[in-house]
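Peer 1: Chain by chain, the residues run as shown.
Number of protein chains: 2
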Amino acid sequence: MAYPQNRFRHTEFHGPSLLQTRRETVAKVTLQTQLDMLKRTGRFDCFKLKWHLIYDDKSQWPVPKHLFWDSDVAKWIEAACYCLADKETYDPEIDKAVRDLVEMIRGAQGSDGYLNLHYTVVEPEKRWSNLRDMHELYNAGHLIEAALAHRNYYHNDLLTEPIEKYVSLIHDTFGPEENKRHGYPGHPEIELALFRLYEATGNKKAYDLANYFVEERGNPAGQGGRHYYDVESEERGDSPWLRPDPYPVARSFWYCQAHEPILQQKTIEGHSVRAVYLLTAVTDIAVQDRLGLQKNDKASAWLEAANRLWNNMVDKKMYLTGGIGAIPEWEGFGRDYFLPQGSDDGGAYAETCASIGAMMFAERLLHLDLDSRYADVMELSLYNVVMTAMDIGGKSFTYDNQLASSDAKTSRREEWFECSCCPPNVSRLYGSLGGYLWNFGDNGNGEAFVNVHMYTTAKLSFDVDGDPITLEQTSDWPLNGKVQFKLENPKAMKTTIRLRIPGWSAGQYTLEPKLPEANVEKGYLTLPPSYLEANSSFTLEILNFKPRFLSPHPYTNQRTLTLARGPIIYCVEDADNEWETNHFKDVVIAPSVEVKEEERIASEVTGEKYIALHTTGWSRSISQWESKPPGSAPGIVDEAEKETSLGTERPLVFIPYYYRANRGGRGHMRVGLNAA
Amino acid sequence: MAYPQNRFRHTEFHGPSLLQTRRETVAKVTLQTQLDMLKRTGRFDCFKLKWHLIYDDKSQWPVPKHLFWDSDVAKWIEAACYCLADKETYDPEIDKAVRDLVEMIRGAQGSDGYLNLHYTVVEPEKRWSNLRDMHELYNAGHLIEAALAHRNYYHNDLLTEPIEKYVSLIHDTFGPEENKRHGYPGHPEIELALFRLYEATGNKKAYDLANYFVEERGNPAGQGGRHYYDVESEERGDSPWLRPDPYPVARSFWYCQAHEPILQQKTIEGHSVRAVYLLTAVTDIAVQDRLGLQKNDKASAWLEAANRLWNNMVDKKMYLTGGIGAIPEWEGFGRDYFLPQGSDDGGAYAETCASIGAMMFAERLLHLDLDSRYADVMELSLYNVVMTAMDIGGKSFTYDNQLASSDAKTSRREEWFECSCCPPNVSRLYGSLGGYLWNFGDNGNGEAFVNVHMYTTAKLSFDVDGDPITLEQTSDWPLNGKVQFKLENPKAMKTTIRLRIPGWSAGQYTLEPKLPEANVEKGYLTLPPSYLEANSSFTLEILNFKPRFLSPHPYTNQRTLTLARGPIIYCVEDADNEWETNHFKDVVIAPSVEVKEEERIASEVTGEKYIALHTTGWSRSISQWESKPPGSAPGIVDEAEKETSLGTERPLVFIPYYYRANRGGRGHMRVGLNAA
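First to last, the sequence lines map onto chains Z and R.
Positions 1 to 676 (UniProt numbering) are the ones given, in order, by the first sequence.
Positions 1 to 676 (UniProt numbering) are the ones given, in order, by the second sequence.
Mixed in with the good hints there might be a few duds.
The list makes no distinction among identical chains, and a pair is therefore deemed to hold if it is satisfied within one copy or across any two copies.
Stated by the list, open to error - Below are the DSS-like pairs computed for lysine-lysine, each with C-alpha atoms no more than 25 Å apart in a straight line: (1) Lys-522 to Lys-628; (2) Lys-266 to Lys-409; (3) Lys-628 to Lys-546; (4) Lys-165 to Lys-126; (5) Lys-459 to Lys-482.
Hint data in this document are derived by calculation from the structure and do not stem from the laboratory.
Bear in mind the structure is a predicted one, so any value in this text is a computation, not a measurement.
Take the sequences, apply the hints, and build the full model.
Peer 2: Now the structure itself:
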């Protein structure tokens, strides 16, 4: 029960909340919309193994357009199985589609267990010839996750059975033994899936294979004394200088975190989704070790590496929205502190999937080290990246999540993408969201614990040694910080509850009834059994919900101010500020101005609300820099002659960043405004 | 006489000045040092066509290490011939070496006229197979320039003769005719050289070939309906996705300005040296047309394109040092306003050769449009990029010229480079520097004119219809703005002198004796014949030499202040500020502080002086951003809690940027300091 993808079923979103609104939208609208899209594009039927016109398309290299189809289908199955589990939103058509897909997948498996669309239909002779680029093992990973979700919901092994057969084949192909290939996936994903498979089924091959992939990764001399990707590239007959577009130079193996062994990596590099999926698996080795699921001699070394890379990511390579990945060219990390807001100041990517991966990574770490710094990032990512990635109607999505629009890249969403990893990833995240709210269980001695990471309205039910426990939280978080709790547990059972006090609250909270000698350690307030025995109902209020201005690290070269309120990061967009024509590039704000709150209705249908913030800014003039004849001198101004006025005063309306691009407009948007 | 490379011989640096100090150093030290380097590395003998071990080195692709050797030798010959012309610094050993080299080059020519090291010795069968990458025509261009310099000095055709034969072969190979290849060089250079060859010899093939290269460049359908570089790549059997390291993605033809025809290009893109060499040639079409050397129907269209790209370059892609090229990966331009100062905030390249090219480009434009905006950039580039590229001893060089050091890239110079384009380029620029100071001649009606672009101590001599004219300027520019002039011309000759009033002087100058109704147009003060008849001696003083703080365009995201004085951009380095350990990244300055000047001796040997600037700054603290436990949240600080103090006060010493890295130290340096 260690994984949110299993644990979510213990959570019922029993009343209205922003999270529940999104979950319902996904279950009632998004799954159906995405199913239509799977059907329209050919994905739904692809495991029938018939030829599709798109397979003839050779315009992309090395990755053809259909290469991710297996995973798109798998992630949709996974999301569907999560949502079907909620009786409130059960949809028989979705149920039927899952069954049909599973039937087709079963039929697509080769007699030896092989199961991959491209290498079955399009290039059957080239199986395992390009682990670096071809997503063969990535697709397998998502099939494993789909199978686990399917098994949990349907309680049968219609999907796990073929998948375990496939895993067995992969295990026989890759490993440390001399007769096996010493390769590992260019796009990590299968590792975290295999560890989950091991936990669910005890399949030791799955564990060993995942552990091998993690251990072998980045070995400079893994295959015949050379880097595996060099060897397989040579075997394909590729020139060493033939390289995919995301590789800035030949052998940029850092793109897929294979430039050196993981234990030696000092900074988080490359494609951000790959990095966080990989580190989720790396951390899971330590989690499984800690929980006694599978002991691992190197558990502490893996955890140390994961922590080192977490710290580098959060401190130096994360946007204040929680977004990760500054460089569109390789969909990933730039150098430390390189965090431009948009395409016209040097980049910004912040892929939706990367923040989902960061949530998974944080969730793993919380099992090992209950520290609100992980949960703070998890919540930040959820409300400010994952949530901005889908419109409130549940039908359109973003792939990347820039912090400022530009003419080249306005603020808007799309129905689907050619490489459509993000939309079904959002669905499966919302489907399993309950699993991220809290961790719980018994302490091994008949005592119960609940660690509450995120606040909303939800009810947790689990039992310890057959005795049922429920914990209910009721809140209109993230609009306000008040959370009412109600615990029901057997009288004799000692229960400890730990409540996260977010870092941004600066430790300001109240608890009623009061707890004498309140103990907040690493951002969690512990309510001991004695308190809970006396108080089955209690109310936490996280304070410091007043709007605050955030300043990014000076080394980012972003002298900006961003409004935030509670866990929510704000932005301006032209829907409220219609005079704007330059993506708010010339608007300045000052922290001294008054900020007023206004509660607004986002949707009459769902009753969704948000708090808009009203303040004042100035439209600065850049005319001084542009007053000389063109081509006179680099755009410089003699400081002594500089205008000192802030510019024209403007009323400004800010809205939650997650809510951007829901009300039309021209797509002008910005999160960080220039500080006056 | 339109080119500075010819015109410099009319200028004598007859007294001490910073420019003369550098020129003497080049003639007395640098040429000899570089000759030694040519000999030590194998370049000197390469035209003997013997095998060299380096030819076996296949570690680089597509460009092997020796590929530029022809041009290194050629540029050295060119520089040597310029310096030999100065009797003060004539060196018989240099003279001998030039003669030997020319003999070897003559011996290396094929019977059909072909003359290229690599394709004669290493891959003779692959001639003209890779114009995009292999610098075959680039090398030819430098040989042409060497031949012109050689001819001017030796007054024989020992080098022009084989070179013209080579040009004839190239002309027979490339052109619009159906039986010719429709290619053009990946690295422009030959175009500007061919135009100069035409001017010198009237060789019409040279003109037509250059014109063709310019016209054909970027044609999407030039070779069999396709882009030439696609066709030649296919002919080589290369995969379309095989690409050199500077190509961020396949077919990044903007790297070499071949993404679309030049007339359609709206922004200056790609490798900066290539861009400015190309635009020098493009502009030269219009210059030759204007001067009646060769009429061209499209002259005005070419000039319009050159101006458009000049404006884009200067206004949006130029550092305040005059440096161009923000992106090390392709040694060239980034997006508009992307001008990070150093490797740890996103880039900075500012190649020495690019600024030499920018000077050449500016010089061409000044013939068409006498506007100080071009000369301002020319002078800025000379004093702040070209001059920083060589140490005061004349023995070490930079390739790129960042505005801030980092641990990964400290501030220092090298003796030589594997691809050593910059050192001999600096030599030939200083050797021909007199040609950039002024333009002069007759107005076509027996009247003389001198347009003075740059001030120093120098004497110009030329004649109009056989009558000698001399104009002497005496100044310790750039230390001070006072320039004394003395004109000697025949009584009857009407002479007009135009004096540049630099943009940074904000139009502040004095002229003695006074000129009634002074007329400054586009930054040039015109002294009409009537004034000069009355005043053969006069003194101009450019004012506003007080130190000024410059602020770059806000869109650069650089909220910095840079000290400048006259044409000189200043920096701080640890040699004066020994307490510094973080490359001045955490130092802030404010424009309100007092700045004091101190005259210092740079070299007891040469008597070189400079003005150091003393002021006060503050070491800001970034501890607030780093006070949370690692990995807590993206490095943000709640503005309300931010410290308001500027930090610890520090005395700061600034020196001219060109003088950096001459006094040891740890290589910590910065041009733009954070504005308080």
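Peer 1: Provide an ascending list of the numbers of those earlier hints which the structure does not satisfy.
Peer 2: No numbers; nothing is violated.
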